[in-house]
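Peer 1: Protein sequences, first through last, are from chains A and B.
Residue 533 is where the first sequence ends in the numbering used here, and the numbering goes up by one at each step.
Residue 534 is where the second sequence ends in the numbering used here, and the numbering goes up by one at each step.
Hints are not guaranteed to be accurate.
Using 20 Å as the maximum straight-line C-alpha spacing, the simulated EDC-like pairs for lysine to aspartate or glutamate come out as follows [what the hints assert, rightly or not]:
id, chain 1, residue 1, chain 2, residue 2
1, A, Lys468, A, Glu521
2, A, Lys301, B, Asp103
3, B, Lys436, B, Glu449
4, A, Lys468, B, Glu151
5, A, Lys373, A, Glu331
6, A, Lys386, A, Glu414
7, B, Lys90, A, Asp484
8, B, Lys133, A, Asp503
9, A, Lys408, A, Glu377
10, A, Lys480, B, Glu266
11, B, Lys63, A, Asp376
12, B, Lys224, B, Glu74
13, B, Lys413, B, Glu449
14, B, Lys15, B, Asp103
15, B, Lys168, B, Asp192
16, B, Lys84, A, Glu292
17, B, Lys334, B, Glu479
18, B, Lys168, B, Glu266
19, B, Lys138, B, Glu125
20, B, Lys90, A, Glu292
21, A, Lys301, B, Asp170
22, B, Lys60, B, Glu16
23, B, Lys44, B, Asp170
24, A, Lys387, A, Asp376
25, A, Lys157, A, Asp376
26, B, Lys168, A, Glu292
27, A, Lys402, A, Glu521
28, B, Lys139, B, Glu121
29, B, Lys356, B, Asp339
30, B, Lys138, B, Glu165
31, B, Lys246, B, Asp192
32, A, Lys468, B, Glu419
33, A, Lys387, A, Glu366
Since the hints were derived computationally from the structure, they do not count as laboratory data.
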Amino acid sequence: MEKLLLRNIGVSGSHTLATYQSRGGYASWRKVVDRMRPEQLIDEVKASGLRGRGGAGFPTGMKWSFVPKDNPKPKYLVCNADESEPGTFKDRLLIEQDPHAIIEGTLIAAFAIQSHTAFIYIRGELVFGTERLERAAEEAYRAGLIGKNIFGSGYDLELIVHRGAGAYICGEETALLSSLEGGRGWPKVKPPFPATHGLFGCPTVVNNVETLAALPWIIERGAAAYASMGTEKSKGTKLFSVSGHITRPGVYEVEMGYPFKKFLDEDCGGVANGKKLKGVIPGGGSMPVLKPEEIEKVNLDYESVAAAGSLLGSGGVIVMDESTCMVRAAANIARFYAHESCGQCSPCREGCHWMEKIFQRIEHGEGQKSDLDLILNISGNIMGNTICPFGDAAAMPAAAFIRKYRDEFEAHIAEQRCTVSR
Amino acid sequence: MATVEPVKIILDGKEVVTTKGTTVIKAAADSGVAIPHYCYHPKLSIAGNCRMCLIEIEKMPKLQIACNTQVAEGMSVLTESPKVLAVRKAVMEFLLINHPVDCPICDQAGECQLQNYYMEHNREASRFEVGKVHDRKKTIFGPNVIFDGERCIKCTRCVRFCQEITKTDELAVVNRGDHSTIALFDEAVLDNPLSANVVDICPVGALTDRDFRFKVRVWYLEKTPSICPGCSTGCNISVEAYQNKIARFKPRVNEAVNSHWICDEGRYCFHDLAGGERLTTPMIRQEGGLVPTTWDQALLTVCTGLGAAKPLAAILSGRNTNEEAFLFAKMIKQFSADAALEVFYQARALTTTQKILMSPDRSPNFRGAREMGVGSNGGGFNALMQKLAAGSYSAAFVVGEELIGANGESEKIRGALEKLAFLVVQDTRMTETAKLAHVVLPAAHFGEKEGTYTNRAGRVQRLNAAVIAPEGALQDSEIFLRLLDSAGAAQAHATPAEVFAAITREVAAYQNLEYDSIGALGTELASGGGAVS
Chain A
112 MEKLLLRNIG VSGSHTLATY QSRGGYASWR KVVDRMRPEQ LIDEVKASGL RGRGGAGFPT
172 GMKWSFVPKD NPKPKYLVCN ADESEPGTFK DRLLIEQDPH AIIEGTLIAA FAIQSHTAFI
232 YIRGELVFGT ERLERAAEEA YRAGLIGKNI FGSGYDLELI VHRGAGAYIC GEETALLSSL
292 EGGRGWPKVK PPFPATHGLF GCPTVVNNVE TLAALPWIIE RGAAAYASMG TEKSKGTKLF
352 SVSGHITRPG VYEVEMGYPF KKFLDEDCGG VANGKKLKGV IPGGGSMPVL KPEEIEKVNL
412 DYESVAAAGS LLGSGGVIVM DESTCMVRAA ANIARFYAHE SCGQCSPCRE GCHWMEKIFQ
472 RIEHGEGQKS DLDLILNISG NIMGNTICPF GDAAAMPAAA FIRKYRDEFE AHIAEQRCTV
532 SR
Chain B
2 MATVEPVKII LDGKEVVTTK GTTVIKAAAD SGVAIPHYCY HPKLSIAGNC RMCLIEIEKM
62 PKLQIACNTQ VAEGMSVLTE SPKVLAVRKA VMEFLLINHP VDCPICDQAG ECQLQNYYME
122 HNREASRFEV GKVHDRKKTI FGPNVIFDGE RCIKCTRCVR FCQEITKTDE LAVVNRGDHS
182 TIALFDEAVL DNPLSANVVD ICPVGALTDR DFRFKVRVWY LEKTPSICPG CSTGCNISVE
242 AYQNKIARFK PRVNEAVNSH WICDEGRYCF HDLAGGERLT TPMIRQEGGL VPTTWDQALL
302 TVCTGLGAAK PLAAILSGRN TNEEAFLFAK MIKQFSADAA LEVFYQARAL TTTQKILMSP
362 DRSPNFRGAR EMGVGSNGGG FNALMQKLAA GSYSAAFVVG EELIGANGES EKIRGALEKL
422 AFLVVQDTRM TETAKLAHVV LPAAHFGEKE GTYTNRAGRV QRLNAAVIAP EGALQDSEIF
482 LRLLDSAGAA QAHATPAEVF AAITREVAAY QNLEYDSIGA LGTELASGGG AVS
């Protein structure tokens, strides 16, 4: 398969403007500015079938089209580079190795909504990535690709790279906007939605790094070429970051609809050290874990993974072999969400920590039989009742671990210790 | 004004007509359906964080918060469905797991929404046994407000109040997750002029009133709707008393006057106005000083004294009611037709935040008293004081105010008062002015009387007796009535209602009013607004 997103990865100097341009970079940007009208661009991306790669999978072109054209306020395009989902490191690769692809995608998206100020909000911990992005932006400015009167078209666009302070929640788009505004990284109650009331109350689109990085290719080759890949509803290619007990961990670009099992066994070399698979999280820490028998017929696209009872999410694949203590894994994930809950709304603020404390109690051999149903009940009380999707992100994995590995949890409680031989 | 578009919704199966743009929580409240909530407050921005107001809307897969959901034509809302009841129970549990449940020592007990909603929506034993989060206890936020972090449910009403109402921004949420807590910004003190309102809007026991704390359990309080005596804004309050003592003021909602708020100065003014050692026996001056006497003897002395010594200056307190002012004016004129008659007036400059509620004029009934005829021959209060200091009067009748120090020149006034041939002071306490009097008449204070105040904007509002005056002290009106009687001008009207009826006959601006129909929120004078300068 031809690589779209990873096409520059591994090329010496891939992060520099010279190399990027020598490989056709910024030609799409030039094409957009010179020859396309915003509506045309939106239609093109709609036709490509590109969907948001941050996790929710919302159609990108449609998201752009929600920005009101008659609103006199400035419009903002924000690239969400706050990649923090456990097990997810795909955006980081692009940020560090192919920053110009992200910038070019950001410029194209900004043009689509006729924004004159775009932001790249990058996760605080990605210090090296920030340097790379800042340097790339500087190069692009100097080359006249960003700034005033781009390519003599009269179109102005400023790009600001903003480093966050390291809160997971700031990857949630409205929390990101609160943070970018200089406030506490708290999600905002919706409605209103960012498309009409986003950054500083102005129409705003927030797109993920990977989504934006796909744009130059789509403009270069056309929507049809992109839509020819993948499945009926999941078009194009997707990055997967594979970690855990796997022979060849790393970032993979896969055509949507690729068989999950084949991907793990062949592309990634199978479970490490010849051990047996116990479970795999397909879409980052917040997604329900799948058992080996559940992935037999699953393909790597939004619909197929959802049908199996999980979600494709960010494509953060976490592989767990037979030596994994699922109690400990669940406790570890619960600890992450308890630590990262912003504390704004009651169910998440109180519920995430409560679940974590019970998981830890079980892990430490002090669990009670009733704890499992209690966690299921708490997670059910959080699900769907919070301001932002974080509540679901904490509740879903907790419930899935217990439902799918209940025997192991019960044994752990009964024996008051870990029963998984390592 | 924008046109109001009617919208019909189905609320728990019943048709409710409301207007476009209304939120479900408000539309429900307007039709008598109370949707439980913590963070929502009608005067603050929508936070949507407590999740207590989650309701079910037909055709929507997820429950929605009623505070942030606008009505739409035909929308069917369920506020008591099994799903809704289940989530309320769940939210109550979440809010209580880290709460210390220290109701026996919490001042909020009895008026706490955690208690109320727990009884209504949860009533289960706690399933939480894994160690509560601890937070700061008794943290002083400002001169009037103290914070208990463990009782806080992070509804952020206090934060939003300081951001949106006072715009003083003292408070913020700090830390994350279940360690989130409310804190002062560095160097900040919660001492804005409206600071104690955060206690009123705190739905739980996290913010309590340093003044009221530990004084009395709220269920023992007797609550009387009344008017704040602190200034001429006329904020609507509830005077709350325990064992015949005022324990606190709380704001009463009146959108035409004070909305949901009162200022701190007004809130705590009862300490000064109703506190201290009360006068309970009339006194007259004899060789060697003031000696107790009977009311009959004291009033006889007043009659004789006022008849003899002229010219007369008469000063009424701006805290006297319209009815008292009406009788006072009549009484003084009966003794001396050309007496200088003025209402005590003391103004101050206000900051922007103070101006949200406070009036420059400290007298709650300055406008009303003047309209009752107190305000003649003196050229205004300050001119009268100057003349008094200059020795232009030989007698004075002072009601309810300390004159010494009132205008900064305490020694001059003291000297002038000492030289008067006859001074009557009618007050609740032994003031510096009263010490110089020839007759001291013990009176009732604002909290012990009934009547009306007219605020700066021309709104007539009812003052009600919250406590009973001590034995020996008389109502100002009764004193005036007895003096009128002694002077041969007995009045046919005695009760506040009767006097008010007389006012409506004699004072043109009040002619269309009726005492009993003034209502809990007052009524505007037909002559309308505009402050009396």
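Peer 1: Give a verdict on every hint.
Peer 2: Comparing the hints with the structure gives:
At roughly 17 Å between alpha-carbon atoms, lysine 468 (chain A) and glutamate 521 (chain A) fall within 20 Å of each other, so this suggested pair holds. The hinted pair formed by lysine 301 (chain A) and aspartate 103 (chain B) fails the criterion: a straight-line CA distance of about 35 Å is larger than 20 Å. A C-alpha spacing of about 24 Å is found between lysine 436 (chain B) and glutamate 449 (chain B), which places the hinted pair above 20 Å, so the restraint is violated. Pair hint lysine 468 (chain A) plus glutamate 151 (chain B) holds up; C-alpha atoms about 18 Å apart against a cutoff of 20 Å.
Proximity of lysine 373 (chain A) to glutamate 331 (chain A) is assessed by CA-CA distance (about 30 Å); at most 20 Å being required, the pair is judged violated. The straight-line distance between the Cα atoms of lysine 386 (chain A) and glutamate 414 (chain A) is roughly 29 Å, outside the 20 Å bound, and the hint therefore fails. Restraint check for lysine 90 (chain B) and aspartate 484 (chain A): satisfied, since their Cα atoms lie roughly 17 Å apart, inside the 20 Å limit. Distance restraint check for lysine 133 (chain B) and aspartate 503 (chain A): the Cα-Cα separation of roughly 23 Å exceeds the 20 Å cut-off, and the hinted pair is therefore not satisfied.
At most 20 Å may separate the alpha-carbon atoms for a hinted pair to count; lysine 408 (chain A) and glutamate 377 (chain A) meet this at roughly 15 Å. Restraint check for lysine 480 (chain A) and glutamate 266 (chain B): not satisfied, since their Cα atoms lie roughly 57 Å apart, outside the 20 Å limit. Of the pairs offered as hints, the one joining lysine 63 (chain B) and aspartate 376 (chain A) is violated, with about 39 Å between alpha carbons and a cut-off of 20 Å exceeded. Among the hinted pairs, lysine 224 (chain B) with glutamate 74 (chain B) is inconsistent with the structure: their alpha-carbon atoms are about 41 Å apart, more than 20 Å.
Taking the CA atoms of lysine 413 (chain B) and glutamate 449 (chain B), the gap is near 33 Å; set against the 20 Å cutoff, the hint is violated. Proximity of lysine 15 (chain B) to aspartate 103 (chain B) is assessed by CA-CA distance (about 40 Å); at most 20 Å being required, the pair is judged violated. For a cut-off of 20 Å, the pair hint linking lysine 168 (chain B) to aspartate 192 (chain B) stands: about 12 Å separates their Cα positions. Among the hinted pairs, lysine 84 (chain B) with glutamate 292 (chain A) is inconsistent with the structure: their alpha-carbon atoms are about 36 Å apart, more than 20 Å.
Between lysine 334 (chain B) and glutamate 479 (chain B) the CA atoms are separated by roughly 17 Å; this keeps the pair inside 20 Å, and the hint holds. For the hint pairing lysine 168 (chain B) with glutamate 266 (chain B), the CA-to-CA distance comes to about 18 Å; that is within 20 Å, so the pair holds. For the hint pairing lysine 138 (chain B) with glutamate 125 (chain B), the CA-to-CA distance comes to about 26 Å; that exceeds 20 Å, so the pair is violated. Distance check on the hinted pair: lysine 90 (chain B) and glutamate 292 (chain A) sit about 35 Å apart at the alpha-carbon level, beyond 20 Å; violated.
For the hint pairing lysine 301 (chain A) with aspartate 170 (chain B), the CA-to-CA distance comes to about 24 Å; that exceeds 20 Å, so the pair is violated. Straight-line distance between C-alpha atoms of lysine 60 (chain B) and glutamate 16 (chain B) comes to about 18 Å, which keeps the hinted pair within the 20 Å bound. With a CA separation close to 16 Å, the supplied pair lysine 44 (chain B) and aspartate 170 (chain B) stays within the 20 Å bound. Straight-line distance between C-alpha atoms of lysine 387 (chain A) and aspartate 376 (chain A) comes to about 11 Å, which keeps the hinted pair within the 20 Å bound.
The hinted pair formed by lysine 157 (chain A) and aspartate 376 (chain A) fails the criterion: a straight-line CA distance of about 34 Å is larger than 20 Å. As the CA atoms of lysine 168 (chain B) and glutamate 292 (chain A) are separated by approximately 19 Å, the hinted pair is consistent with the 20 Å bound. Between lysine 402 (chain A) and glutamate 521 (chain A), the direct Cα distance comes to roughly 18 Å. Compliance with the 20 Å bound is thereby established for this hinted pair. A C-alpha spacing of about 29 Å is found between lysine 139 (chain B) and glutamate 121 (chain B), which places the hinted pair above 20 Å, so the restraint is violated.
The hinted pair formed by lysine 356 (chain B) and aspartate 339 (chain B) fails the criterion: a straight-line CA distance of about 38 Å is larger than 20 Å. A C-alpha spacing of about 26 Å is found between lysine 138 (chain B) and glutamate 165 (chain B), which places the hinted pair above 20 Å, so the restraint is violated. For a cut-off of 20 Å, the pair hint linking lysine 246 (chain B) to aspartate 192 (chain B) is broken: about 26 Å separates their Cα positions. Among the hinted pairs, lysine 468 (chain A) with glutamate 419 (chain B) is inconsistent with the structure: their alpha-carbon atoms are about 77 Å apart, more than 20 Å.
For the hint pairing lysine 387 (chain A) with glutamate 366 (chain A), the CA-to-CA distance comes to about 26 Å; that exceeds 20 Å, so the pair is violated.
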